[in-house]
Amino acid sequence: MSENVLKVENATMQFGGVVAVDNLNLEVNEGEIVSLIGPNGAGKTTAFNVITGVYAPTNGRVYFNGACIVENFPHGKMKKLYQGEHLGEYTSVKEPTPDKITQMGMARTFQNIRLWKSQTVMDNVLMAKHMRRSSNLFSATFRLNKREEEKQREETLDLLRIVGLEDVKDDLSTSLPYGKQRRLEIARALATEPKLLLLDEPAAGMNPQETIELTEFIGEIRSKFHMTVLLIEHHMDLVMDISDRIYVLDFGKLIASGVPAEIQNNERVIGAYLGVADDAED
Amino acid sequence: MLQKKTKNICTAAALVLLAVVIVCVGQFTSSTSMLRTVLQLGAIYALLAVSMNLCNGFTGLFSLGQAGFMTLGAYTYAILTIPVESRAGVYYLYGVAGWLEKLELPIPVALLVAGLVAALFAFLIGLPVLRLKSDYLAIATLGFAEVVRIVTASSPLNRVTNGSLGLTMIPGFSSYYGIFAVVILCIAIIVLLINSTYGRAFKAIRDDEIAAEAMGINLSQHKQMSFVISSFFAAIGGALMAMYMGAISSTTFTIAVTYFILLIVVIGGMGSVTGSVISALLVIASREWWLRFLDQPMFIGSFKVPLLKTGFRMVVFSVILMVVVLLFRKGIMGEREFNWDGIYSFFKRLFSKKKSGKGVQAK
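Going down the list, the protein sequences come from chains A and B.
Quick note: the first sequence uses the numbering used here, first residue 1, plus one each step.
Quick note: the second sequence uses the numbering used here, first residue 1, plus one each step.
Careful, some of the hints might be misleading.
In silico lysine-lysine, BS3-like type, Cα no more than 27 Å apart, as pairs [as the list claims (entries may be wrong)]: (1) 309(B) to 117(A); (2) 100(A) to 133(B); (3) 330(B) to 151(A); (4) 4(B) to 151(A); (5) 146(A) to 4(B).
Treat the hints as calculated values from the structure; they're not laboratory data.
Model, not experiment: these values are computed from the prediction.
Could you build all of it, start to finish, from the sequences and the hints given here?
So, in structure tokens, the structure goes:
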């Protein structure tokens, strides 16, 4: 189990009577790039939010580096409403807030870019370094942490150099073109020094050229930072190109998993995307 | 772009100029001069505005509790510093509580205690209230301020706060420079904080809370921090106000005071310290001084100018505020700080415009 960087075990997320994620099991091993795909509304982003602590799952567990970080079971109102499986298997509640989970070493980007808009490119990355500070309020205010501050700035510049944003470091983050904003968001996530990077539709709204560049970029990040990556994506070219393994979700349920070649030829996956099988069965 | 050295010289020159103005006013004007009033009151309001800006402009917490924390600060300061020999006179109606009778602290200690008391209250109030967002937070803090104001005037506290009679004989700094020293020190600390890594975290929360949390910034802890520090300095501002006025009562710091400070912050620009300072001085100067003539009847020859009578000043003042807000949607400074590059490019543009204007005329 300790080889898994991330392991999601029997996670179910239910909102009222709607089961958004149904009994999801997922593993990400060290150094892998794993993709989570599925049609619109399949529950991919919800799964992401469960992993990163935005939502506590209704039932199930999440392990990170072998340690259980999130656990929940249906209680309160949900006790009656719960429609999923594995009831009674989990008995304790662990609901860390997203910032705690990021501190453990998981960093994410967002489907709709969420940069700090009034700040420069440099400051965006620098702000993400706040979490790894050792200074307290007093030492930071009275500049007793000069060495740390300088180190943070140097690391930020290094990071910007690696992602190719050094020349625009003093520009306002929102003045960047779309593709570069995506890059900046990834750089910002990297600044929190994660072991696992979660990318929520990094190629959304990108043209083919930008998508190719992004594919290369994600590959570069993996090799340079020895990063493990879990990503949600709709661009099949990108997914098939860089993924080591793929999980496919449909209506909250996992319908297939495997290496890209297997997924490409899986009939259930094709059915879920094109919606052919349903009519024939009726 | 100017060189860094030039900029530093300019900043030093500006600071020296400011010091010279304060000293000149202190040396060459009488103690009742309008210039003195404006500078001192302006300085106090600058501190109050900057402290409010820390919470509202830099962290994005729309808090309206300023008057409450000022009341706490002012009362704490007053209770701790009224000279022992004049206590009996101040508390002539209800008498003074036993533990207070012999208690008199030096001014700097009392200022610090005033800030700490307000900070403690802010911490306790912040625990439940800071879970709220935007308007709801505003309403909750507004309610808190009102509760503080009413409780200070309530009868169980008569022997401590002197009930609705308020406190008088509040001592101030013997020197005219005292207030400026405190204000400059406090604002300097706030500026240092804003430019530190914690200040960056505050701005991250303001710009996008969800992203800030996802990047590992503990929201509740940082909001609490900003709220408590802001209240600490608001209380010191309140104490300075008590010092300046010499007498306070529960009606001194009403909701209107909070709105007045909010107005200074908005006009200066949410998220700009220099904006708040400049705007505090301008607003106080125009309210207290420049518009005074509107309150007196004026004659041009034998013609009496209509409308000019006591109170008309405030009408004009309000109209000016509306015009300013319409023209500068984000305040005078917006989110930017004062910098010499901005001034330089402004004059450059002005100059080149004149030049091109002349060029056209020559043709």
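Structure-based check of all given hints:
1. Between residue 309(B) and residue 117(A), the direct Cα distance comes to roughly 48 Å. Violation of the 27 Å bound is thereby established for this hinted pair.
2. Between residue 100(A) and residue 133(B), the direct Cα distance comes to roughly 21 Å. Compliance with the 27 Å bound is thereby established for this hinted pair.
3. Among the hinted pairs, residue 330(B) with residue 151(A) is inconsistent with the structure: their alpha-carbon atoms are about 35 Å apart, more than 27 Å.
4. Between the alpha carbons of residue 4(B) and residue 151(A) the distance comes to roughly 22 Å, so the proposed pair stays at or under 27 Å and holds.
5. A C-alpha spacing of about 20 Å is found between residue 146(A) and residue 4(B), which places the hinted pair at or below 27 Å, so the restraint holds.
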